[in-house]
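K.L.:
This is what each chain is made of:
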Amino acid sequence: MSKLGSIGAKLHRGEVSYDFIGHRKLWFSISIALVVISLGGLFARGLALGIEFKGGVEYQTTVKVTSNTIDDFTAAVKSTNAHDLGDPVVTTVGSDKVRVQTRPLSQDDVVKVQAAIAKEAGVPASNVSRSQIGASWGDQIANKAILALVVFLILVFGVIWVYFREPKASMAAIIALIHDVTITVGVYALIGFDVTPATVIGVLTILGYSLYDTVVVFDKVRENTRAITGNNRFTYSDATNLAVNQTVVRSINTTLIALLPVGSILVVGTVVLGTGPLKDLSLALFVGIAVGAYSSVFIAPALLATFKEREPGMQALRRRVEAKRGGTVAAAASKPVPAAATATVATSEPAARKQDRPKAGTPVTSSRPVKSSTGAGRPQPTRKPRSKRGK
Amino acid sequence: MATTTTSRPGRLLIVLAVILVLLFGIMGLTRSWKPKLGLDLRGGTTITLTAKSSAGGGQVTADQLSEAKNIISQRVNGAGVGESEITTSGRNLINVAVPGSNQESLIKQVGQTALLYFRIVYDAQAGGPVPTPTATPTGTPSGKPSTSATPKPSSTIKPPSTPATTPKGRAWSSVLSNATPTPTPNPSATPTATPKPSTPATPAAELPKVTGDPLKWTPDATTQAAFAAAQCATLNKDDPNRDLPDKPLISCDKAGTSKYLLGPAILKGTDLSDASAGIPQGGFAWQVNLKFTGDGGKKFLDATTNISQRGQGQNLFAIVLDGVSISTPSVSGPIPGGQAQITGSFTESEARDLANVLKYGALPVTFDLSSVETISPQLGGDQLSAGITAGIIGLILVLIFSFLYYRGLGLVVVLSLAISAALTYASVVLLGKAIGFTLTLAGIAGLIVAIGITADSFVIYFERLRDEVREGRSLRSSVETGWARAKHTIIAADSISLLAAAVLYILAVGGVKGFAFTLGLTTLIDLLIVFIFTKPLVTLLARTDFFGHGHKLSGLDPEHLGVERLPGQMKPTARPAKPSTRKPVGGEV
Numbered sequence: 001m002s003k004l005g006s007i008g009a010k011l012h013r014g015e016v017s018y019d020f021i022g023h024r025k026l027w028f029s030i031s032i033a034l035v036v037i038s039l040g041g042l043f044a045r046g047l048a049l050g051i052e053f054k055g056g057v058e059y060q061t062t063v064k065v066t067s068n069t070i071d072d073f074t075a076a077v078k079s080t081n082a083h084d085l086g087d088p089v090v091t092t093v094g095s096d097k098v099r100v101q102t103r104p105l106s107q108d109d110v111v112k113v114q115a116a117i118a119k120e121a122g123v124p125a126s127n128v129s130r131s132q133i134g135a136s137w138g139d140q141i142a143n144k145a146i147l148a149l150v151v152f153l154i155l156v157f158g159v160i161w162v163y164f165r166e167p168k169a170s171m172a173a174i175i176a177l178i179h180d181v182t183i184t185v186g187v188y189a190l191i192g193f194d195v196t197p198a199t200v201i202g203v204l205t206i207l208g209y210s211l212y213d214t215v216v217v218f219d220k221v222r223e224n225t226r227a228i229t230g231n232n233r234f235t236y237s238d239a240t241n242l243a244v245n246q247t248v249v250r251s252i253n254t255t256l257i258a259l260l261p262v263g264s265i266l267v268v269g270t271v272v273l274g275t276g277p278l279k280d281l282s283l284a285l286f287v288g289i290a291v292g293a294y295s296s297v298f299i300a301p302a303l304l305a306t307f308k309e310r311e312p313g314m315q316a317l318r319r320r321v322e323a324k325r326g327g328t329v330a331a332a333a334s335k336p337v338p339a340a341a342t343a344t345v346a347t348s349e350p351a352a353r354k355q356d357r358p359k360a361g362t363p364v365t366s367s368r369p370v371k372s373s374t375g376a377g378r379p380q381p382t383r384k385p386r387s388k389r390g391k
Numbered sequence: 001m002a003t004t005t006t007s008r009p010g011r012l013l014i015v016l017a018v019i020l021v022l023l024f025g026i027m028g029l030t031r032s033w034k035p036k037l038g039l040d041l042r043g044g045t046t047i048t049l050t051a052k053s054s055a056g057g058g059q060v061t062a063d064q065l066s067e068a069k070n071i072i073s074q075r076v077n078g079a080g081v082g083e084s085e086i087t088t089s090g091r092n093l094i095n096v097a098v099p100g101s102n103q104e105s106l107i108k109q110v111g112q113t114a115l116l117y118f119r120i121v122y123d124a125q126a127g128g129p130v131p132t133p134t135a136t137p138t139g140t141p142s143g144k145p146s147t148s149a150t151p152k153p154s155s156t157i158k159p160p161s162t163p164a165t166t167p168k169g170r171a172w173s174s175v176l177s178n179a180t181p182t183p184t185p186n187p188s189a190t191p192t193a194t195p196k197p198s199t200p201a202t203p204a205a206e207l208p209k210v211t212g213d214p215l216k217w218t219p220d221a222t223t224q225a226a227f228a229a230a231q232c233a234t235l236n237k238d239d240p241n242r243d244l245p246d247k248p249l250i251s252c253d254k255a256g257t258s259k260y261l262l263g264p265a266i267l268k269g270t271d272l273s274d275a276s277a278g279i280p281q282g283g284f285a286w287q288v289n290l291k292f293t294g295d296g297g298k299k300f301l302d303a304t305t306n307i308s309q310r311g312q313g314q315n316l317f318a319i320v321l322d323g324v325s326i327s328t329p330s331v332s333g334p335i336p337g338g339q340a341q342i343t344g345s346f347t348e349s350e351a352r353d354l355a356n357v358l359k360y361g362a363l364p365v366t367f368d369l370s371s372v373e374t375i376s377p378q379l380g381g382d383q384l385s386a387g388i389t390a391g392i393i394g395l396i397l398v399l400i401f402s403f404l405y406y407r408g409l410g411l412v413v414v415l416s417l418a419i420s421a422a423l424t425y426a427s428v429v430l431l432g433k434a435i436g437f438t439l440t441l442a443g444i445a446g447l448i449v450a451i452g453i454t455a456d457s458f459v460i461y462f463e464r465l466r467d468e469v470r471e472g473r474s475l476r477s478s479v480e481t482g483w484a485r486a487k488h489t490i491i492a493a494d495s496i497s498l499l500a501a502a503v504l505y506i507l508a509v510g511g512v513k514g515f516a517f518t519l520g521l522t523t524l525i526d527l528l529i530v531f532i533f534t535k536p537l538v539t540l541l542a543r544t545d546f547f548g549h550g551h552k553l554s555g556l557d558p559e560h561l562g563v564e565r566l567p568g569q570m571k572p573t574a575r576p577a578k579p580s581t582r583k584p585v586g587g588e589v
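Quick note, the sequences are listed as chains A and B, same order.
Heads up: the first sequence begins at 1 in UniProt numbering, then just goes up one per residue.
Heads up: the second sequence begins at 1 in UniProt numbering, then just goes up one per residue.
None of these hints come from the bench; they were simulated from the model.
No false leads were slipped in.
Here are the simulated lysine to any residue pairs, SDA-like style, with alpha carbons at most 25 Å apart:
#: 1; chain 1: A; residue 1: 64; chain 2: B; residue 2: 42
#: 2; chain 1: B; residue 1: 69; chain 2: A; residue 2: 134
#: 3; chain 1: A; residue 1: 112; chain 2: B; residue 2: 108
#: 4; chain 1: A; residue 1: 78; chain 2: A; residue 2: 107
#: 5; chain 1: A; residue 1: 10; chain 2: B; residue 2: 551
#: 6; chain 1: B; residue 1: 108; chain 2: B; residue 2: 369
#: 7; chain 1: B; residue 1: 108; chain 2: B; residue 2: 367
#: 8; chain 1: A; residue 1: 64; chain 2: A; residue 2: 126
#: 9; chain 1: B; residue 1: 52; chain 2: A; residue 2: 103
#: 10; chain 1: B; residue 1: 108; chain 2: A; residue 2: 86
#: 11; chain 1: A; residue 1: 112; chain 2: B; residue 2: 377
#: 12; chain 1: B; residue 1: 52; chain 2: A; residue 2: 131
#: 13; chain 1: A; residue 1: 78; chain 2: B; residue 2: 104
#: 14; chain 1: B; residue 1: 158; chain 2: B; residue 2: 278
#: 15; chain 1: A; residue 1: 119; chain 2: B; residue 2: 104
#: 16; chain 1: B; residue 1: 52; chain 2: A; residue 2: 55
#: 17; chain 1: A; residue 1: 168; chain 2: B; residue 2: 488
#: 18; chain 1: B; residue 1: 552; chain 2: A; residue 2: 252
#: 19; chain 1: A; residue 1: 112; chain 2: B; residue 2: 97
One chain only, chain A, in its complex shape:
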């Protein structure tokens, strides 16, 4: 643990850093691939919609499950001769529950089938739970969910804009959000998890969660980039990258802390109840929170930096920073570093390293000769001169 703590400290001081922003092309490519796969899965396979979306009747009751259970119940349900019954789907849940799903039935038939199931299970009819859904109900839920999604996105766009006074932050956050929801839905399509209203709740909740994480990272970015144009040491990307590194421990902690209770709902819901709203909700949350954590570290800040770097002011800054680095590098080591980690723990060594970090980040994304000459292996040529100068 203390190791983790000291890693945190090093990340904070910039002694250890991963160039999240510099490698953004890699992460963007991964995300684009994931989104494409998700959309492909969604269109090719579709979602395994639960009965709540298709309409129908679902019964559940307690019975000791044997190898004959499914056949017995199927026969029992069929023997009711309910009108337009179709093929009832009987599944067992754990060792003591059975679930029967049928097409939409008339109210009289609903009762008949329930009685048949109760008789087969040997329990009073009142011990058979059932849920009966009209065919148009699912559309309503779906429409409402989409409406909620759209309204939420618009509101969030405004709120983040106002809070960070930066529409580009809103853009980045929203794109990351759509990315999260798309991948989560894609996971559902590809794995074939049942989609129920509880799943929809879960997916909608991810919205809040994913943004929550992103806002925390952006808050740090804002702090690091305050008055950034007043210096010529960091580009916007550098400052953003530092922010991501400084908040990455928190992001990991947050994600873990969020996943722990959700995971416990998932496990308990699955073990105790087998299937049902608890499982559906927590599964969606679990997938979504994990994707959300990824996007708030790898995607959202990188998007923000990409958008910001297009501004003339930021480009001018970048030119100044590059000029500065090309020229008087030695001088930089002795001067205090303004934006990111000013107050140091005072020994000269960390201070020197601190100078390394911004340099570590920038040449990768900025210096043109390096960029044009190499493709993927960019970092290495840039690191050599740095270490020489630093020591």
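Chain A is already provided as a structure; the job is to place chain B on it using the hints.
P.N.:
Same frame as chain A, but now just chain B:
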């Protein structure tokens, strides 16, 4: 700002203590210790109806929806189900929650379209030898139920008497022209089959269908006999074939004390365009004003012309809703002009009730049975215990993680979560009491998910705190500077959570509401806790030796933070260099 919080952490803690004592005091006073559980946790039937307008684009107005809700409440209460709860949600949904899992007849009944008919009264008698005591004694406009053989009207219907509201008045006519003229086929025009041979089992259902003009109908012998035999207590209100417009009807009033022999329907609910209760200008008594559609007005004129010619005591018609006679006004003359008033000794609530019934009958609203969920008490119990188990396990996992990672500060997390849990529990219980908030399975899930959000506020603060220490501040000043920065982040992040919860709550349907509600509630509680508990507590702890001097287990020891020593703790070797770069803070450095 930082200075005040530094100096008086105790004050905030006292505020919190007062809040807690108050909440639990109220709980103690109202003897409510347990939250109101939803039906998915204790077993029961939840019915969701989608209201659809049969006129226009299928959209239902808010007024129509709330009237529809009232009528469904009446149906559910009429079915004698205890503890039912009827709520509307969204723009077109009505949720009916009733305990118990065998509610077949109720399920059928609530989904019916409201049946409002005007019928001529041919005979009225006492409802039966034993007046049924169960019926709800609401303000029936019919006043004292007549028990004699001769019908005695308690109210009269007549044309609008106030000069200000002449039939051609603008207000009236505009409403009339706005009203959607639903083409109501005259009941008499309905093609009918030959009367079925009577089977004595259900007296009402066997009444023969009527062909020809309903105004000319007179009861035949079978009908008379059935009427004589009928008792209000045994009249089968659920029989869908009983209250048909082209059949006579044996009906009782709401109290079940009078029965009426009624002719086929002369008007339908949809012939009405509006109804309202009020005191006429210059008048003193409450009355109910009716407006008819153009077509309805003509039919009403015909009907009143006919009825008013009958003798005293026979010139009555009944307003029948779902087979129950709501009011039986007498008619003294033809009523032209598409509007009328019902007068009598109404109280305000009686008049309003009647107006609502009439309005509702005029509603062009039908219901779709969108979902019926029946949870057996056993499954409900399972879901409740699963929810609680998951919550406890989740809480324990979060605590273990906090102790492992934050060590001594984990104590802060434990206490904060404990206080948060107490506040949340009290809120849920009291909200259940105050606004009828019920805790559903989705709600429990929201509470569990919120553990993560609550704990995350601490993570933000603690990480900030550690960052400040790493940047060379003393612990005491880090507590303040770290807080000053963390609180903005916490507020921003929680606002987003709240926003999400609010959007979900307002826009989404069904279980989502419960989830969003608890999520929003706990986010608010989280904000409160962080501000008036966690922060002051950390301030206090920073003053102790254990935390303030970075004990190995405090979570703030130098090694754990990855710094060589805690600033301000040992000789100020590294100090002098930097304070200049930072703004001075309230604590000592």
